[in-house]
Amino acid sequence: MADVKLHGAWASPFSCRVVWALKLKGVPYENIEEDLPNNKSKLLLQYNPVHKKIPVLVHGGKPICESMIIIEYIDETWLQNPLLPSDPYQRALARFWVKFAEDKSSVVWTLLRSSGEEREKAKNESLEVLKTIEEHGLGDKKFFGGEEIGIVDIAFGWMSLWLGVIEEIVGVKLLEAHLFPRLYAWTKNFKEVPVIKQNLPDRHELLLHCKGVREKSLGSSSSS
Amino acid sequence: MGEVKLIATTQSLFCARIQWALKFKGVEYEFIEEDLRNKSPLLLESNRVYKKVPVLLHNGKSFPESLIILEYIDEVWKHNPLLPQDPSERALARFWAKFSDEKVIFGAFGACRTEGEQQEKAKEAALESLAFLEKQLEGKKFFGGEELGYLDLVVGWIPLWLGVMEEIGGIKLLEEERFPLLHEWSQNFHQIPLIKECLPPRDNLLSYFQASISYHRSLAAKKP
Numbered sequence: 001m002a003d004v005k006l007h008g009a010w011a012s013p014f015s016c017r018v019v020w021a022l023k024l025k026g027v028p029y030e031n032i033e034e035d036l037p038n039n040k041s042k043l044l045l046q047y048n049p050v051h052k053k054i055p056v057l058v059h060g061g062k063p064i065c066e067s068m069i070i071i072e073y074i075d076e077t078w079l080q081n082p083l084l085p086s087d088p089y090q091r092a093l094a095r096f097w098v099k100f101a102e103d104k105s106s107v108v109w110t111l112l113r114s115s116g117e118e119r120e121k122a123k124n125e126s127l128e129v130l131k132t133i134e135e136h137g138l139g140d141k142k143f144f145g146g147e148e149i150g151i152v153d154i155a156f157g158w159m160s161l162w163l164g165v166i167e168e169i170v171g172v173k174l175l176e177a178h179l180f181p182r183l184y185a186w187t188k189n190f191k192e193v194p195v196i197k198q199n200l201p202d203r204h205e206l207l208l209h210c211k212g213v214r215e216k217s218l219g220s221s222s223s224s
Numbered sequence: 001m002g003e004v005k006l007i008a009t010t011q012s013l014f015c016a017r018i019q020w021a022l023k024f025k026g027v028e029y030e031f032i033e034e035d036l037r038n039k040s041p042l043l044l045e046s047n048r049v050y051k052k053v054p055v056l057l058h059n060g061k062s063f064p065e066s067l068i069i070l071e072y073i074d075e076v077w078k079h080n081p082l083l084p085q086d087p088s089e090r091a092l093a094r095f096w097a098k099f100s101d102e103k104v105i106f107g108a109f110g111a112c113r114t115e116g117e118q119q120e121k122a123k124e125a126a127l128e129s130l131a132f133l134e135k136q137l138e139g140k141k142f143f144g145g146e147e148l149g150y151l152d153l154v155v156g157w158i159p160l161w162l163g164v165m166e167e168i169g170g171i172k173l174l175e176e177e178r179f180p181l182l183h184e185w186s187q188n189f190h191q192i193p194l195i196k197e198c199l200p201p202r203d204n205l206l207s208y209f210q211a212s213i214s215y216h217r218s219l220a221a222k223k224p
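Same order as they appear, the protein sequences are chains E and A.
Counting from 1, one number per residue, gives the positions in the first sequence under UniProt numbering.
Counting from 1, one number per residue, gives the positions in the second sequence under UniProt numbering.
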């Protein structure tokens, strides 16, 4: 098999998704840490000229961009430990929740970067997102993938660590156990999965990093 | 195979893709026209999260989100494949589909519905995104190669819908000298009988976009 490289960043939940998928499949790879946001490597810009973003997976010299598209590529290339179900209806359902995660997760990053009225709006939108997942997404299963984690769990993986960090920094409580019992239980179970446990950023380092992101955003908006 | 129904509107470019895919596969289906100002209980039940069209109904299950429906159709009816077989080619097709839906459609609509300086800025971004698509056609008759494929159906809104948006918006984006390949592809695409069969009448689309663009412009005029 040709070699596999991952251009990523330790603090990025999008990057971590790809790490989790590669580790779940037991695929050896070389990790290339990109210095974001201002010192991206020439290779990254060459591999992802459209978005200039991480993660990018490079397999046998061919770049694949967009984290969830990379996950599907990994699942189709290395067939052990499937991340998507085999039944077409279940696959469509999984892809639906992946798209939901992609389309709606950004509101939590808006929360991190905002204050005042914008912060309130982002907080309320984030609660709506959690409510939808709680009511329609998980059901009574342990994981979105059933007894084992799958592609949807990977897509929502940011809720298991990044969400709590953002809540702490911004001073809001979103994912409360009594409001979202299923999701809350899911975050605990997800973090216990060995591959996930061993491949999460250090919480304290992440907190400092995200604090920096917030300060930079609020600093630049208050000076304009 | 169970019966197939499609909850859709004739004007929606997202719905047209699904009709094209079903016809491409020779799948019989019932078209259920939805009135989006007065959504039916069937739609609200079939797409509880987004309440949007298109929704495919098959074997007692409902499938929302057009790109997901396309993949489902390709997996259930395996003849005349829409997506390429090779995983890296599939990843590329999915990448450009996501790009089309996130950047090209809304970029073009943004350029058509705005005015003045805002329109100039939006036009730059829209032209840049079209240039990326143009490049994908190099050496090919269709995005799928010699024959139609998934990406042709996804980008298939361009010949008719973009033309109408441009006319109402008073702006030209898809100029032949600037985008010769996209221009030629548009002609070839519209020659295909199954594509032509599912196009809404141009007058219908003109009225729709006239109303939509006027509404957006009046909202923008009210802002301080």
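Honestly, I wouldn't trust all of these hints.
Stated by the list, open to error - DSS-like mimics (lysine-lysine), calculated; alpha carbons at most 25 Å apart, straight line:
no., chain 1, residue 1, chain 2, residue 2
1, A, Lys39, E, Lys99
2, E, Lys53, A, Lys222
3, E, Lys188, E, Lys216
4, E, Lys123, A, Lys51
5, E, Lys42, A, Lys51
Unchecked claim - Which chain A residues stay away from chain E? Per the calculated CB distances, all over 10 Å, these:
no., residue
6, Asn59
7, Val76
8, His79
9, Pro87
10, Ser88
11, Ala125
12, Gly144
13, Glu166
14, Glu184
15, Glu197
16, Ser214
Unchecked claim - Some chain E residues close to chain A (C-beta under 8 Å, calculated; not the full set):
no., residue
17, Cys65
18, Glu66
19, Gln80
20, Arg95
21, Phe100
22, Trp109
23, Asn124
24, Lys131
25, His136
Simulated from the structure, these hints should not be mistaken for lab results.
C-beta: ideal position from N, C-alpha, C; glycine also.
Does the structure break any of the earlier hints, and which numbers would those be?
Hint check: 2, 3, 5, 6, 7, 9, 10, 19, 22, 23, 24 fail, others pass.
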